[in-house]
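Participant: Chains as they are written, first to last, in the numbering used here: chain V, 1 to 337; chain A, 1 to 337; chain D, 1 to 337; chain E, 1 to 337.
Heads up, some of the hints might be wrong.
No copy is singled out in the list; a pair is fine if it fits within one copy or between any two copies.
Straight-line distance between alpha carbons at most 30 Å, and here's what the computed BS3-like set of lysine-lysine pairs gives [claimed, not checked]: (1) Lys93 <-> Lys201; (2) Lys327 <-> Lys202; (3) Lys276 <-> Lys22; (4) Lys11 <-> Lys70; (5) Lys61 <-> Lys327; (6) Lys201 <-> Lys276; (7) Lys93 <-> Lys11; (8) Lys61 <-> Lys11; (9) Lys22 <-> Lys61; (10) Lys22 <-> Lys305; (11) Lys202 <-> Lys93; (12) Lys154 <-> Lys328; (13) Lys327 <-> Lys22; (14) Lys11 <-> Lys276; (15) Lys154 <-> Lys74; (16) Lys305 <-> Lys155; (17) Lys6 <-> Lys22; (18) Lys327 <-> Lys11; (19) Lys328 <-> Lys61.
In case anyone wonders, no lab produced these hints; they're calculated from the structure.
Number of protein chains: 4
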Amino acid sequence: MIIVMKESESKQSALNVVEHVKELGLEPVLLEGTERNVIAVIGDERIMDEHVLNAMPGVEKVMPVLAPFKLASKNIRGQSTVQITDDIEVGGKRLAIMAGNCAVETIETSMATAQAVQAAGGNIQRGGAYKPRTSPYSFQGLGTEGLEILTEVKKQTGMPIITEILDPRHVESVAEHADIMQVGTRNMQNYELLRELGNIKKPVLLKRGMSATIEEFLMSAEYVLSSGNPNVILCERGIRTYETATRNTLDISAIPVLKEMTHLPVIVDPSHAAGKRDYVPALAKAAIAAGADGLLMDVHPEPPKSMVDPDQALTFDQFTELMEDIKKIAEAVGRTV
Amino acid sequence: MIIVMKESESKQSALNVVEHVKELGLEPVLLEGTERNVIAVIGDERIMDEHVLNAMPGVEKVMPVLAPFKLASKNIRGQSTVQITDDIEVGGKRLAIMAGNCAVETIETSMATAQAVQAAGGNIQRGGAYKPRTSPYSFQGLGTEGLEILTEVKKQTGMPIITEILDPRHVESVAEHADIMQVGTRNMQNYELLRELGNIKKPVLLKRGMSATIEEFLMSAEYVLSSGNPNVILCERGIRTYETATRNTLDISAIPVLKEMTHLPVIVDPSHAAGKRDYVPALAKAAIAAGADGLLMDVHPEPPKSMVDPDQALTFDQFTELMEDIKKIAEAVGRTV
Amino acid sequence: MIIVMKESESKQSALNVVEHVKELGLEPVLLEGTERNVIAVIGDERIMDEHVLNAMPGVEKVMPVLAPFKLASKNIRGQSTVQITDDIEVGGKRLAIMAGNCAVETIETSMATAQAVQAAGGNIQRGGAYKPRTSPYSFQGLGTEGLEILTEVKKQTGMPIITEILDPRHVESVAEHADIMQVGTRNMQNYELLRELGNIKKPVLLKRGMSATIEEFLMSAEYVLSSGNPNVILCERGIRTYETATRNTLDISAIPVLKEMTHLPVIVDPSHAAGKRDYVPALAKAAIAAGADGLLMDVHPEPPKSMVDPDQALTFDQFTELMEDIKKIAEAVGRTV
Amino acid sequence: MIIVMKESESKQSALNVVEHVKELGLEPVLLEGTERNVIAVIGDERIMDEHVLNAMPGVEKVMPVLAPFKLASKNIRGQSTVQITDDIEVGGKRLAIMAGNCAVETIETSMATAQAVQAAGGNIQRGGAYKPRTSPYSFQGLGTEGLEILTEVKKQTGMPIITEILDPRHVESVAEHADIMQVGTRNMQNYELLRELGNIKKPVLLKRGMSATIEEFLMSAEYVLSSGNPNVILCERGIRTYETATRNTLDISAIPVLKEMTHLPVIVDPSHAAGKRDYVPALAKAAIAAGADGLLMDVHPEPPKSMVDPDQALTFDQFTELMEDIKKIAEAVGRTV
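With the rest of the complex left out, here is chain V (with noise of 0.2 Å):
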């Protein structure tokens, strides 16, 4: 941690800041400069509260220098995979590619959804029993039923479930039918919930916030991680800005950057990114070219009547043919689907 003291602040201020740092059992180096002074602190810095030093007199601003996350960080592996079925892993040289209807509807719409998501090269069934919506007034989800129909199509096509986790008094009985635990962008400060997380082995997709930097992500995928439960695999969404012709800026450089920053696996929500289903594809197809390790994407049969966000489900024909460039793309840059 780098401490910059205050232009016109005493020696004292400066002493008094090494004297914290020493009893904190670190290592302080007081830089004397020609304008200013400055300390520089020499451990593991994380045990120091950077607030704390930024109250201290005369203190004008405190620079962290190592990231905040620890079990996230790239330092402790390259890259992990996580386990979903036997079969299927996220993180590895093949594709997770997740679709589904945003909302589950009916068994029927399901079952329909998953055959043509299969067909077409999809790994994981996707479906949301729980739904977070802006409007008290919206529909909410059909709850456990939800969740009986996704597991009755697991049944028959074999595809594991996505499904979203919205209440820590939901995690036991959610995580009896899902196979991935899904966090949303509104959840993913939601520390309760992540702990409750923690405590289960389920793998967790945790999406990013919806306006969280990227350390905050990583700061909350370490609550889960900290808590216990090693198989977190992250999700880029878009975030929020000013530009409003897609419903959220996918951050493309989000999968680079975590790429660099940790070891999860990183994977790519194209569809509540785009918000309009004529976008989606393209945004897909970056996704993979940039190195993402899947995607998570709303298929619907008759977008137009599906419950939750029909204008961002591609219709199967789209999905089929999207996933025959996914495939190129992937090839590209030496993935599978």
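We have chain V; now place chains A, D and E onto it with these hints.
Facilitator: Relative to chain V, chains A, D and E alone:
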């Protein structure tokens, strides 16, 4: 709702939309333009899902005319006041000044702070027992012990308590102690929590999400209101922008905008917006000048020793001096402290 | 255009608006609603000023139906190509690869770079002679001398030149050397400059403003087009967001959005978006996968010695390797290099 | 400057950086850490280019310690005042109230407006002769004729003139009429223009760029200052964020932040921030309460007939009423009108 068809689109697509609108019991008006067709819908459009319309063939975009919230709307009533105790209400002529330690630490610190706040003109004590922290390795709050400290201070000073609630499972136990249940920025769209708070009658202070639009903010208030609890206070606390000179960017315009859109009282948290003690007074004064109904502020006897957010807490002297200024500004805009 | 009246408003206010619209020669349709009145306008709304309507008594908001640009619109034609030389066009099947030093330094550096770029498959040389720098104390470019270096390199390699123009007074002299006149992000709304560039016929590469919406971006293109120069190439180069892990946030979605809205070619600058060499290849590949018509990149023989933006320039080896990947991705999406 | 080396990096890389720093005549201090090496640089780091350091092998990141501006810095002097006429200065105890038509239209409108502004307590007349418009099809201002109207009004009322300058070729002719040369938000980084304005002595009002950081804002001021013109006034006018309820988001915090960082006077434009007449008074009052040195506002006898931005101009009555409130707020914070 206004439905704009694509330019190249046949009249048949427009007629299909007209038909769909009629089936919903609303009245469509087809406007045949020179370049494209437009359909205007008469009636309460809130029963239609704009995304469904957006997904219909030939539709370019859908523009809602009405705001999606109802109970929070200004049309319902002029200005709400939320009663906290027999003596204190939020939204009336007298400003609500809520101040205290960001996190409850010890009975001594809480008591000293409450007394200083009260002496300077504050009327509600603030203190966090459950703290949502970005890092799992940071201090997470004293929990129940913290609530008991606040209750003890209330006994001795008579100051009602505002404290944060993070988990739907804690609603009952926190409500036993708190006079105002605070929902933090990270939980503004934690709908499970909002619904639970709608089931009690305790006043709820809802902080704006870090990147929530004003409309989304009101939709979250609508969750609480529509679940049966009319006692909602809104709190602007800064939004996330590209500017990093402050912790967040206080959206001062939110005050007049909210005053136009809703009857709910609006207060401001200048401490979390600024993130730096020295900027807090300017923001607090601006908020009152702009028409806020009150303030929520961090105060601490020795800020550098505060366990959470030490860099933004005011000292007792700073708070006292600020309150003198606030009194003058309040008078200038026809309010009292 | 759709004009929404306030809820409490008398019918007379609506009639005044109706009258105003008629005076402009357009056809208003008054829709009397249950809660409020709405006026739909039939005809080319672009002759009306929405702000004037917005300012009329009783008007709550005005919603334009048509995009405000005309000549840039997709409706004009399917896809433009901009001819640079007899052999090179931007917007056709073959990608345009523009690469070189961010700032021209010496004839040796420029020549070495151009040869390396050409050998790897690039076809246009990039080099800045006039540099817009955040600090007045930074290197501001070689000016005319830089232009002469580029011209010498063009003589020897045959590679056309793209270089930046900052000042309307330099248009003539820069146009003598440049094959493509680049307008940087800081000048996207420098209308005096855009108008001057509309008076010549040289291709103009217009970079998106740091916080420009896609609509504003197209309005700036419209300045050049409506002044008489049809040869405009758009360049997405990252927008400003709260995320600081990259210099800017590449708005990858802008590619499909622009492809839907305009016939103008769209290229991407991954170097300025990333701001960090190691992230450039992922962004470049993503851009081509998403449908971009080309790339603009910083390359330097010894990046740490580059006088401007050394942290984002690719080495010759990195560029060569990237071009190999780009060829594969291009093929996967039906393009060539 | 603090240079952080990568974790896996050899000591040799750090020594290379040390060597480079020494060559620049600064003093490097190598801090060998447990996880990584860090180099602190003593001396005026502004002579080093952080990007060059960033690009050196093994460097992870570079953190500047000093602000990059010098002449704009608070360290130079306590508080500047900019003298406009013998009677009027900006930055002193008395607030500068600049108000008028967004665009000059006719002598009658300008005269009526100036008289109303003066009667209510305003002291500088605002009027745009050259207007930067998003659309090439919008009214672009009266040009020279507009300047002559302002001069005529000045003759009759004695009120000095603030007007916008767009083009470096107009500096001389505009300076003949204007008392304050206004640089708009779109030209904050038009360095050719800034340099020309540095060559004259007329006061320059520099508006913050739509997405400029405070540091970039001060760097643009530094362009004018370092070219020889010390008379710079800063103007906060709202920044671009995701929130669309207002035209821009007024960054009210910029006032205390700028007051801490620079000696230059700071005024606020609440009209362009709000974009809607009804929100302007709240923002104007907030600005003065937060410590602004003045205001720049749109006023028009009949706002719906204003040729530019009619939705944000105050009527004479609204302006007069607002000035009454401003006087009270000014007094509350120790200022006068």
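Participant: Just pull the numbers of the violated hints for me, sorted ascending.
Facilitator: 5, 6, 7, 13, 15, 18, 19
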